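Position chain B relative to chain A; hints supplied.
If you read the sequences in order, they're chains A and B.
Just so we're aligned: 368 in this note's numbering is position 368 of the first sequence, and the numbers increase by one with no gaps anywhere.
Just so we're aligned: 228 in this note's numbering is position 228 of the second sequence, and the numbers increase by one with no gaps anywhere.
Some clues are possibly wrong.
[What the hints assert, rightly or not] What follows is a set of in silico ranges between Cβ atoms, one per label pair, in the way DEER data are often shown:
#: 1; chain 1: B; residue 1: Asp363; chain 2: A; residue 2: Lys372; range: 33 to 41 Å
#: 2; chain 1: A; residue 1: Lys201; chain 2: B; residue 2: Arg355; range: 46 to 54 Å
#: 3; chain 1: B; residue 1: Arg145; chain 2: A; residue 2: Gly359; range: 34 to 42 Å
#: 4; chain 1: B; residue 1: Ala383; chain 2: A; residue 2: Phe424; range: 18 to 26 Å
#: 5; chain 1: B; residue 1: Ala380; chain 2: A; residue 2: Lys372; range: 27 to 35 Å
[What the hints assert, rightly or not] Pulled from the structure, derived: some chain A residues nowhere near chain B, Cβ distances all over 12 Å:
#: 6; residue: Ser32
#: 7; residue: Ala47
#: 8; residue: Lys61
#: 9; residue: Arg73
#: 10; residue: Ala76
#: 11; residue: Glu162
#: 12; residue: Asp163
#: 13; residue: Gly199
#: 14; residue: His318
#: 15; residue: Ser347
#: 16; residue: Val375
#: 17; residue: Val382
#: 18; residue: Glu390
#: 19; residue: Pro398
#: 20; residue: Glu435
#: 21; residue: Glu451
Hints were generated in silico from the structure; no laboratory data involved.
Remember, predicted model here, so these are calculated numbers, not experimental data.
Glycine residues also receive a C-beta, built at the ideal position from the N, C-alpha and C atoms.
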Amino acid sequence: MADTDLTPEEQQAVAIGEYKYGFHDEFTPVFSTEKGLTEEVVRQISAHKQEPEWMLEFRLKSYKHFVERPLPRWGADLSTIDFDNIYYYMKPVEEQARSWDDLPEGMRETWDKLGIPEAEKKYLAGVGAQYESEVVYHNLQADLAKQGVLFFDMDSGLREHEDIVRKYFGTIIPYNDNKFAALNSAVWSGGSFIYVPPGVKIDLPLQAYFRINAENMGQFERTLIIVDKGAYVHYVEGCTAPIYSTDSLHSAVVEIHVAEGGRCRYTTIQNWSTNVYNLVTKRAVAERDATMEWVDGNLGSQITMKYPAVILKGERAHGEVLSIAFAGKGQHQDAGGKITHSAPDTSSVITSKSISKDGGRSSYRGLLQVDKGAVGSKAKVVCDALIIDEDSRTDTYPYINIDENDVEIGHEATVSKIGDEQLFYLMSRGLSEEEASGMIVSGFVEPITKELPLEYAVEMNRLIQLQMEGSVG
Amino acid sequence: MSPTAVSEPAWLAGRRRAARDTYAALPVPSNREEAWRYTNLRGFDPDAFAIEPLALTLAGDAPHGVTFTGLAASIETHGDLLERHLGSVVSDDEKFASANQANWTDGVLLHVPAGVEVEAPLRAQVELSGEGVAQHYRALIVLERGARATFTEEFLTGFPGYLNVVVELVIGEGARLEYVTVQRNHREARQFGTHRAVVERDAELDWVAIGLGGARAKSRMESKLAGPGSTVKVTGAYLLGDGEHADYDTTQEHAAPNTTSDLFFKGVLDDSARAVWRGVIRVDRGAQRTDAYQENRNLLLSAKAHADSIPGLEIEANDVRCTHGATVGQIDKQQLFYLMSRGMPREQAEQLIVRGFFQPVLDRIGSEEVRETLSAALDARLA
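Chain A with its partners taken away, still in its complex shape:
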């Protein structure tokens, strides 16, 4: 760990298992809207990006809906968000950089701390890193381009492939889906646009690192992934954000379309600093014989509300949500998954693991919907929660809604603490209580970590060990 670059306070924060990536670089954005959100701000964003008229209209109607729509009355407490005290758009550099050397010094240092170049050297296929609102670095390797794979930041995607974007944008998550999807639709900036042509299987995961840097900077990235017939892609996003004293808002929208026989896996490790509101809408449509998998890890943020969804639209489509949440001091992780079975013989699995500690609260909230006519559907939901100490809390709200009788649906959930017997066994082998607890927790989340790319699994285990330090007694 690169502790040496941190201030004494930050080093202490790391030592006591709090936020790890709490550093902050100075930089000056080239363009920024004023604080707060008005119709004028929305117009400015669109004008600055020189967008087509239809996108401006989409943004404006989204803005209108955002203003009219009340805050959700369920889930986490969102009443403390001050929408007038947020910058909705900032542009950090003038042009997209082509290589690492073109990046501003401060940014490169930040990424070095996060370990991106090493990761890329190893096996990254392409990196789009979002620093504030624009993707400033984007490297699409030549062989991908040759196969016809499109991997852009969303703004460039709109400019260069307007026809594809227009066909899918806002169709899976309409602008009026919920208040925060409406907000994103009004002010979105950056994110990824990926198109994988029929039959193309990308072996290595595509990755993008996201960071929020400026204080009170909302980040509203918008991602659209289209996996054509028989194609495959694994997209990985990792989020880190520096610590600030006032709250930041992150509200992304991710839309994925998986065509017949295609497969998409989308992996997120969210480790926002513990003052960020992370309110994200993610939804995928899987056509006949297609597979969609969400792997969703929520470790950071103050409040997360995120329920990745799969609509199983075609026969034999398969959906999976693997969710892990870690709620520490002052955190509320309200996470889960939504699966809609809309066609016959579709199948789905939701697996959720959560850990609550130091007064943190983790909630599983899920919806399993089986539409009429989705005969032969099979669905399984498994939620396990671990509570480390008596100050913490866990909730499970698994909604199940079945409109078809020829189905097999199962749900189970357990809540437990670290088993005394497990602990005793490991300690009798010479491990300290702390090491033993850490090991048991790692074992608890193992069904999720084993699905992650190696470097993420290592990172995840390290983060959990860090969080578990000083947790027993």
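Chain B alone, transformed into the frame defined by chain A:
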């Protein structure tokens, strides 16, 4: 609209007045409220039903010292007991519960003094007296320290009407209550109710709820494990046919350490029947070494049947074991094939499978009499 105008003690008149105000201030619940999301009351106006005296039958031998009587009659004889306990378990802050407090005409008082064991079950039967009629039934069951009893209540409505039910169970230290509540209502009858128990130290509650029909029924069934070492077992079985709708809203609240709760609900839905089960296990801060379980299984016999199953956990203690499960499925085709290959007609084979589905529920019922009653009711319903 008070049917109980005869001179009541001031404390009761005061409570009825307050409840009437609460009732007037609360709207009829709509689907926008989370608890009513799956039970639609559109077109139902509780005030359109004329409140009539309760058609109540009590049966069973209460030994000396045990009070088992109509609630209305006990106002005079057991005023102190009523004043202390009535409304102490079920509060009036909900539309139907406040209606009940304001309007209850009769019901049951069962009081078992400390250390007394009542062997034979005590029974209450409630019927609707006519079409378009509303009846408000209220029961207060108080078991003092170490007492034991079995209480069975049955709601039998031969007419379309509206039944409002509030049952309060006070189970003292080391006491044990077997409580059975059966709905066998008319296809167009409605029943809304709250049943709630407070279970003290080392006390035990064995609760069985049976649903065998009705156009709309919603029952809140709540147990509060208030004392250390207390245990609650809740068993539910429902068998619903065309147009029938039952909604069970269960809460297992663990408010003390070393408490155990075990809830198991099974339902079979035919034609356009619809069942809702929403269950919450709540473990309060400090309720360590809680062991809580909840499970709901639904068997759908028709393509039009529908089941919503919403388990929930809210846990604020760490040394706990809480588990829940829910499944929805149809008759296993292999089981059916096996039975039919042995020469059994399809209908009979299906009945056998449904009986098999309910068997684990029957096995949980301690009282043989209750088990046989349920078994007979199932046979009658399935035939």
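Subject >> Hint check, failures only >> reply: 4, 9, 16, 17, 18, 19
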